[in-house]
Amino acid sequence: GAGVSQSPSNKVTEKGKDVELRCDPISGHTALYWYRQSLGQGLEFLIYFQGNSAPDKSGLPSDRFSAERTGGSVSTLTIQRTQQEDSAVYLCASSLAMGGGFAYEQYFGPGTRLTVT
Amino acid sequence: AQKVTQAQTEISVVEKEDVTLDCVYETRDTTYYLFWYKQPPSGELVFLIRRNSFDEQNEISGRYSWNFQKSTSSFNFTITASQVVDSAVYFCALSVGRDDKIIFGKGTRLHILP
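Chains A and B supply the protein sequences, listed in that same order. Here the working numbering is used: position 59 in the first sequence is 59, and no number is missing along the way. Here the working numbering is used: position 34 in the second sequence is 151, and no number is missing along the way.
The shape of chain A in the complex, shown without the other chains (with noise of 0.2 Å):
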């Protein structure tokens, strides 16, 4: 079946401009998240989704980053006026659910290549 996608896979933008980065989760899973890989490093979380509430926005670098999902399915990750750290790998996952003490197990996109020039 279609697994997590992610548009676009690779950005390049000049410093100063805005940014917007889409995730298409997989059908039926409530849960959606964004982490930021930079070169060589693990992944830091920024903000998950349970349908289209955000209980978590700590993980935000900045007022600059924000991110919507609507009809609890597509998710956009918008990053205003960037900055050079922010260059990075962007990445989407989803699950069936989250909390309520348990675990799902989440399915990643490929990511999207974010490169401030």
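Hints listed in this document are in silico derivations from the structure and should not be mistaken for laboratory results. Treat the hints with care, since some could be wrong.
In silico DMTMM-like cross-links for lysine to aspartate or glutamate, where the CA-CA straight-line distance does not exceed 25 Å [what the hints assert, rightly or not]:
| # | chain 1 | residue 1 | chain 2 | residue 2 |
| --- | --- | --- | --- | --- |
| 1 | B | K223 | A | E85 |
| 2 | B | K218 | A | D24 |
| 3 | B | K120 | A | E105 |
| 4 | B | K223 | A | E44 |
| 5 | B | K218 | A | E44 |
| 6 | B | K223 | B | D146 |
| 7 | A | K11 | B | E161 |
| 8 | B | K223 | A | D56 |
This one's a predicted model, so the numbers in the text were calculated from it and none came from an experiment.
Position chain B against the provided structure of chain A, taking the given hints into account.
Structure of chain B alone, referenced to chain A:
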């Protein structure tokens, strides 16, 4: 606070050797889940295993095995008779029952040399 430590940054072994990737976790919660993910050179993370804190039985899946020891807060991953296709970055992760985040370790880059 929750934390996952993968002390081995990079490991290189010759094909057919066995290799163990270490994972040590920290949490005060009694209900938690541990995961291993594989990130091959293509970049897409692949789920390998989930283990809950109440199940300390070791698990074997083909050439892969996992050793969960609550006494040492470790969840180590062993690949037997390694193959070149096992070359990847492997991440250990932790989720506690009352929280909704999954905390990832920094990963171990495994090179299997032909």
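Mind listing which of the numbered hints don't hold for this structure, in increasing order? none
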